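Line by line, the protein sequences are chains A and B. Residue numbering for the first sequence follows my numbering, starting at 31 and increasing by one per position. Residue numbering for the second sequence follows my numbering, starting at 53 and increasing by one per position.
Hints in this document: simulated from the structure, not taken from any laboratory. Errors might be hidden in some of the hints.
The following label-pair restraints were derived from C-beta to C-beta distances [to be verified]: (1) B:I123 <-> A:R92: 17 to 25 Å; (2) A:V119 <-> B:S102: 34 to 42 Å; (3) B:K142 <-> A:V119: 35 to 43 Å; (4) B:I123 <-> A:K68: 53 to 61 Å; (5) A:K68 <-> B:S173: 40 to 48 Å; (6) A:L51 <-> B:G74: 28 to 36 Å; (7) B:K262 <-> A:K68: 57 to 65 Å; (8) A:E40 <-> B:V97: 37 to 45 Å; (9) A:R92 <-> B:I60: 30 to 38 Å; (10) B:L165 <-> A:V91: 55 to 63 Å.
Since the model is a prediction, treat every value here as computed from it, not as a measurement. Yeah, the Cβ is synthetic: ideal placement off N, Cα and C, and Gly gets one too.
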Amino acid sequence: MAQETSSSREPLRKADVNIKLSEFEIPPMQDILFVGKKAPIGPEAVRRMVDAVSPEQYEIVRLNHETFEAVVVKKSLLRLLPKEKLLPVVIEESNRIADDKMVLKAQINITIQVSRTVDL
Amino acid sequence: MPTVKSLISEKLYTIDPLASVGRAAAIIERYGIGSLPVVEEGKLVGIITSRDVRRFHPNRLVADAMTRKVITISPTASLTEAQKLMVKNKIERLVVTSESNIVGIITYAQIMLELGKYTDSLTGLNKAEIFYEKALELLRRGQEIAIIFLDLDNFGGINKEYGHIYGDNVLRQATIILKNLINMNEDTLCRYAGDEFAIVTTRSLAAAEKLARQIVTAFANENWPGKIKVTISAGVAGGRRSKIRECGKDSSYIVKNLVNMASLASTKAKRLKKPVVVVEAVEFKETACM
């Protein structure tokens with residue numbers, strides 16, 4: 031067995047650099063953000079973040095809920111569907127998979143179907 | 053009676069709402085304090101406690117972990133006011149503010165320790181200081197008050213004949229009788245001094261006299277140890293106040309006046325061998341100050 035001596039060479043050290051480039055989302059959230067009660071960031075931090083990067087585009091709704099402390103909603107969604115209709119549905123679905131330590135983002139697609147009849 | 057101001061510690065630590073919970077936890081631990089007022093641009097915006105820093109992630113902003121509704125008290129408030137405020141709101145700390153400036157924090161434990169000094173160790177009743185404070189508080193609220201002053205008859209003789217241990221037992225038993233007869237919602241009882249008790253009540257003068265008579269009768273009918281006879285004399289005084297406002301000079305003269313009249317009435321009752329002597333209502337028109 032070869033013995034390493036004081037005269038042996040230093041081990042060869044290399045570094046591989048992998049680069050992934052992608053566009054940063056502004057804001058780094060989609061349509062809705064759920065803030066868990068014990069999440070590492072709270073509603074005030076989220077409010078300051080969205081106010082800084084997307085002023086006046088999001089609304090923060092504080093909740094009295096078992097899992098979530100607040101929900102941040104894109105205001106444009108609320109023009110399609112009032113929050114009284116939208117939030118119960120999305121909160122119920124999110125609550126199935128989330129716990130109170132999580133911050134969860136959700137993408138929402140709302141399709142409005144209208145059928146109207148006009149007199150000929 | 054000391055006020056809230058006397059309990060405030062000199063050094064006050066505060067924190068910014070944009071600091072992290074981790075930073076708040078470090079300050080709380082380092083200085084061994086229970087809570088930090090949260091101050092933004094010199095304005096009190098919340099309070100974060102040692103319990104909050106355990107509950108929330110250290111990365112959170114203090115603003116996301118603090119209690120926003122802060123119960124505050126003036127440094128000139130009495131300790132009993134502070135204690136009631138804490139019990140009512142189920143909190144253990146009060147932020148002391150003066151003209152929207154934070155002066156300090158006081159805790160429930162501090163208040164109870166201080167109030168303990170104003171509790172009579174033999175009977176467990178309030179001492180006279182609390183009695184005066186209660187009377188002043190009622191006057192401040194614009195309520196009519198009456199004072200019942202009660203003086204055990206020949207208590208010195210009982211002590212001399214049966215010994216002070218027996219005398220102490222008489223005082224304890226007297227306390228039980230009095231507590232059973234008063235209504236906590238209307239009456240505040242104290243051991244005024246030695247063998248004297250006093251009640252400040254919101255009852256009318258006539259109702260206060262009725263209570264005094266019930267007390268005297270209860271003492272006469274009580275089965276005292278050793279089958280000795282223990283009696284008590286009562287003086288009742290009440291006053292109407294037409295104009296009371298706060299000012300800088302000595303303020304408690306109405307209460308002192310009523311106590312004085314009631315105590316003299318009880319002495320008169322003793323001398324005349326009447327159970328109760330009532331002093332007619334007096335119209336107070338002068339300014340009363342706190």
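Here is what the structure says about each hint:
{"no.": "1", "hint": "B:I123 <-> A:R92: 17 to 25 Å", "result": "holds (21 Å)"}
{"no.": "2", "hint": "A:V119 <-> B:S102: 34 to 42 Å", "result": "holds (39 Å)"}
{"no.": "3", "hint": "B:K142 <-> A:V119: 35 to 43 Å", "result": "holds (36 Å)"}
{"no.": "4", "hint": "B:I123 <-> A:K68: 53 to 61 Å", "result": "violated (25 Å)"}
{"no.": "5", "hint": "A:K68 <-> B:S173: 40 to 48 Å", "result": "holds (47 Å)"}
{"no.": "6", "hint": "A:L51 <-> B:G74: 28 to 36 Å", "result": "holds (32 Å)"}
{"no.": "7", "hint": "B:K262 <-> A:K68: 57 to 65 Å", "result": "holds (60 Å)"}
{"no.": "8", "hint": "A:E40 <-> B:V97: 37 to 45 Å", "result": "violated (58 Å)"}
{"no.": "9", "hint": "A:R92 <-> B:I60: 30 to 38 Å", "result": "holds (33 Å)"}
{"no.": "10", "hint": "B:L165 <-> A:V91: 55 to 63 Å", "result": "violated (44 Å)"}
This entry does not satisfy hints 4, 8 and 10, going by the numbered hints stated previously.
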